[in-house]
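Enquirer: Build out the structure end to end from the sequences listed, making use of the hints.
Those sequence lines, one after another, are chains A and B.
Under the working numbering, the residue at position 152 of the first sequence is numbered 152, and the numbers go up by one with no gaps.
Under the working numbering, the residue at position 38 of the second sequence is numbered 38, and the numbers go up by one with no gaps.
It should be emphasised that the hints constitute simulated quantities derived from the structure, not laboratory data.
All C-beta atoms in this analysis are idealised placements derived from N, C-alpha and C, irrespective of residue type, glycine included.
It is possible that some hints are incorrect.
To be verified - A short, non-exhaustive set of chain B residues, derived as facing chain A with CB atoms under 10 Å:
{"#": "1", "residue": "TYR21"}
{"#": "2", "residue": "ILE27"}
{"#": "3", "residue": "ARG28"}
{"#": "4", "residue": "SER32"}
{"#": "5", "residue": "ILE41"}
{"#": "6", "residue": "TRP43"}
{"#": "7", "residue": "GLY44"}
{"#": "8", "residue": "TYR47"}
{"#": "9", "residue": "LYS50"}
{"#": "10", "residue": "LEU177"}
As the list claims (entries may be wrong) - Some chain B residues flagged as far from chain A (calculated, every beta-carbon gap over 12 Å):
{"#": "11", "residue": "LEU4"}
{"#": "12", "residue": "LEU15"}
{"#": "13", "residue": "TYR103"}
{"#": "14", "residue": "LEU241"}
{"#": "15", "residue": "LEU252"}
{"#": "16", "residue": "LEU258"}
{"#": "17", "residue": "GLY262"}
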Amino acid sequence: MSALLRHARIWLASIRYSLVRAMMFRGDFLMWALVEFFWMGANVLLVSVIYDHTDSIAGWSKYEMLLLVGTTQLIQRLLMAFFWSNLFELGRNVRSGHFDFFLAQPGSPLFMVSTRKFDLDGLVNVPVALAIVVYAAHQLQLSPGVGQIAAYGLFVVCGLVIHYSLLLAIISLVFWLQSAKGIEGGYFGLTEFSRMPREALRGASAVLFVYLLPVIVVSNVPARVLVHGFDATQAAWLLGVTAFWLVVAVVIFHAGLKRYASASS
Amino acid sequence: MSALAKYRHVFLTGLQGALVYRWNFAIRAGFSLLHLVYVFILWGAAYSGKTEIGGFSLSATLTYFVLLLVLQYFLSPANDDYEISEEIRNGLINQFLTKPINYFGYRLSLYFSTRLVTGGLSLLPVLAALPLLGPYLTFPGPEHAALYAIAIPALACSALIQFTIAYCFGLLTFWFLEIQSFIILSLAFETVLGGQIFPLDLMPAWFYELSRWLPYYYQMYFPAALLTGRITDVNTALQGLAIQLGWVLLLLTLATVLWRRGLRRHTAVGG
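Expert: Okay, structure coming up:
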């Protein structure tokens with residue numbers, strides 16, 4: 001318990017430091033917030049353009065699709081706020097030897113690596129992503145109950161853990177490769193599928209992206225709970241997948257950690 | 001040493017440097033196949049029950065995205081902007097100020113060598129997936145030879161536009177400590193206005209017409225549209241090439257101005 005509290009205090013201190021830093025470089029903060037806002041706009045635009053030419057994608061209407069995209073954006077903004085910079089820099093730090101610094105810090109290496117930075121620009125776009133979800137739900141004339149909203153919140157947190165795990169597993173490959181250059185592209189390649197309705201996948205692609213990889217379940221389950229209501233099987237599936245991928249990522253990271261031999265003199 | 005020989009050596013050194021990271025490039029290219037799978041599934045579902053969207057068949061649209069992916073690896077700068085930025089910040093450009101080598105030429109040679117390696121490696125997964133992709137690929141027939149002829153200079157201009165934009169962003173380091181947000185914001189514009197998320201011709205006519213006057217259109221969409229039959233009118237193609245050449249000249253001028261003005265602000269320290 002005391003270890004948990006100690007780590008929570010370290011995380012809070014890191015967040016406080018990052019906030020002060022963001023306010024010191026306000027121009028940079030605003031620019032990054034704008035960047036993330038624009039990327040979200042690009043995703044919404046894609047939905048809009050496709051539905052200008054068609055009424056349905058795999059049985060999903062325009063606003064159901066928007067709800068799905070909004071949910072994916074919500075999860076990704078949270079990832080950007082809490083973990084993205086940290087894991088992205090992990091790849092660079094292992095190569096440069098700066099990773100030594102994290103091993104010397106007073107906490108678990110994985111925790112220190114994952115929480116050193118907090119990006120306020122990611123967090124300020126969370127309300128924008130939420131607004132997309134609320135707007136889509138309004139257009140669909142949904143009126144979810146408190147239980148549905150609570151389940152949606154829980155599933156979004158599961159989604160955050162899954163995205164974190166995927167990114168950690170991919171970036172940890174840097175322990176085996178000479179450089180992390182380009183490998184984060186794997187994360188983006190995989191999570192693109194989160195914007196896809198499950199019904200669009202058939203055959204081998206369904207087996208791979210729906211059952212073997214968590215890239216469909218991560219967004220489809222939360223979106224469905226708002227559209228179709230709570231489904232215990234889907235909830236159990238998402239919770240199981242979340243736990244499984246977190247364990248896989250942690251195991252890969254620690255296997256890589258054993259190979260780490262520093263790079264500096 | 002002749003002027004060209006200098007840059008040939010830079011090019012060859014760049015090739016060796018890029019090949020060190022061949023596995024990273026290969027993995028990245030492999031991951032990009034995931035993007036193609038996503039595109040095939042998404043657009044396949046959008047075309048369900050339809051023979052065409054925006055006047056183009058499913059095969060035409062999928063061919064566009066496959067070609068776009070290959071062009072991206074051959075033409076899009078990988079880290080040139082960041083590397084230029086770092087060379088300015090660390091003072092590494094100082095050596096170019098006292099030696100008879102042009103910094104733009106030096107970076108352009110490195111850009112060509114890296115693109116050759118990444119482009120070549122990107123072909124491997126595409127070739128491996130060719131048995132699956134093949135039935136969907138459709139290109140304009142020999143009657144459109146003029147379009148192919150226009151596409152060759154268009155590809156060269158696309159490379160110059162892409163590199164020069166990255167070069168200019170790198171030079172912003174003379175004025176700003178941090179340029180990453182500028183680069184990512186520009187990337188977002190490029191992605192949408194360069195037709196990487198969806199073919200620009202699916203946008204409303206006014207938007208498409210506006211995008212034709214912006215440099216992003218000529219970074220990727222224009223040559224891809226020529227090679228996949230989305231632009232079939234020769235006059236439109238020639239007009240596009242003229243605008244593209246205009247952007248090349250404009251960007252080269254901007255790069256020269258930024259370099260000269262930036263150097264006035266630059267302070268070289270150390271021996």
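Enquirer: Would you mind marking each hint as holding or not holding in the structure?
Expert: Now for the hints, and whether the structure bears them out:
no.	hint	verdict
1	TYR21	holds (6 Å)
2	ILE27	holds (6 Å)
3	ARG28	holds (3 Å)
4	SER32	holds (7 Å)
5	ILE41	holds (5 Å)
6	TRP43	holds (8 Å)
7	GLY44	holds (8 Å)
8	TYR47	holds (8 Å)
9	LYS50	holds (7 Å)
10	LEU177	holds (9 Å)
11	LEU4	holds (30 Å)
12	LEU15	holds (16 Å)
13	TYR103	holds (23 Å)
14	LEU241	holds (26 Å)
15	LEU252	holds (26 Å)
16	LEU258	holds (19 Å)
17	GLY262	holds (19 Å)
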